[in-house]
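According to the working numbering, the sequence shown is numbered sequentially starting from 1.
To be clear, the hints were calculated from the coordinates, so they are not data collected in a lab.
Virtual Cβ for every residue (Gly too), placed ideally from N, Cα, C.
Please note: incorrect hints may appear among the correct ones.
[What the hints assert, rightly or not] Lysine-lysine pairs mimicking BS3-like chemistry, simulated, CA-CA at most 25 angstroms apart:
1) 130 x 71
2) 47 x 5
3) 8 x 130
4) 47 x 8
5) 8 x 25
6) 47 x 71
7) 71 x 5
[Claimed, not checked] Cβ-Cβ distance ranges computed for the label pairs, FRET-style:
8) 79 x 33: 25 to 33 angstroms
9) 140 x 71: 26 to 34 angstroms
10) 32 x 79: 29 to 37 angstroms
11) 5 x 69: 22 to 30 angstroms
12) 47 x 72: 15 to 23 angstroms
13) 127 x 102: 12 to 20 angstroms
14) 103 x 18: 17 to 25 angstroms
15) 80 x 19: 35 to 43 angstroms
16) 4 x 62: 20 to 28 angstroms
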Amino acid sequence: RELAKQFKEAFANQLPEGWEQELPKYELGTSAASRVTSKETIQAISKVVPSFWGGSADLSASNNTMVAAEKDFEPGQYEGRNIWFGVREFAMAAAMNGIQLHGGSHVYGGTFFVFTDYLRPAIRLAALQKVPVTYVLTHDSVAVGEDGPTHE
């Protein structure tokens, strides 16, 4: 019964009742990197939303987008919840659109904010089609970090 309920909710693009109660809460005035708070949010959501899965454009170690203690989605291991999109932001965003349009999933993908230029056509299509994908965009800064200005 529980699996049937999850299946119906997922394909109706509904979230489980009370899912938002699991979201982390932060005190006003506290400071944390966006990749840290988004990691905490991804972990919290993944515990209560079984249809929530996604990954990164080869930046998971930096932007913390993998679901902890879960397998990778790969041939022969379709129960995995972590997608390794590779160094291809546009393909990641296009694949996210396709996964979400198929139904039954709540998908997210992460990259550095500066790389949204590569995502733009897929983001535009998602917006025009009202496809509810989630982009986790980190490292938005005016400061130059260790990887130089191309990553800021």
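Hint by hint, here is what the structure shows:
1. 130 x 71: At roughly 29 angstroms apart (the allowed maximum being 25 angstroms), residue 71 and residue 130 break the hint.
2. 47 x 5: 16 angstroms, holds
3. 8 x 130: Roughly 20 angstroms separates the two Cα atoms, so the pair holds.
4. 47 x 8: 18 angstroms, holds
5. 8 x 25: This hinted pair is violated, its Cα atoms lying about 29 angstroms apart.
6. 47 x 71: 14 angstroms, holds
7. 71 x 5: 23 angstroms, holds
8. 79 x 33: 25 to 33 angstroms: With Cβ atoms ~31 angstroms apart, the hint holds.
9. 140 x 71: 26 to 34 angstroms: 30 angstroms, holds
10. 32 x 79: 29 to 37 angstroms: With a Cβ separation near 31 angstroms, residue 32 and residue 79 satisfy 29 to 37 angstroms, so the hint holds.
11. 5 x 69: 22 to 30 angstroms: 23 angstroms, holds
12. 47 x 72: 15 to 23 angstroms: 18 angstroms, holds
13. 127 x 102: 12 to 20 angstroms: 18 angstroms, holds
14. 103 x 18: 17 to 25 angstroms: Holds, at about 23 angstroms.
15. 80 x 19: 35 to 43 angstroms: 21 angstroms, violated
16. 4 x 62: 20 to 28 angstroms: 39 angstroms, violated
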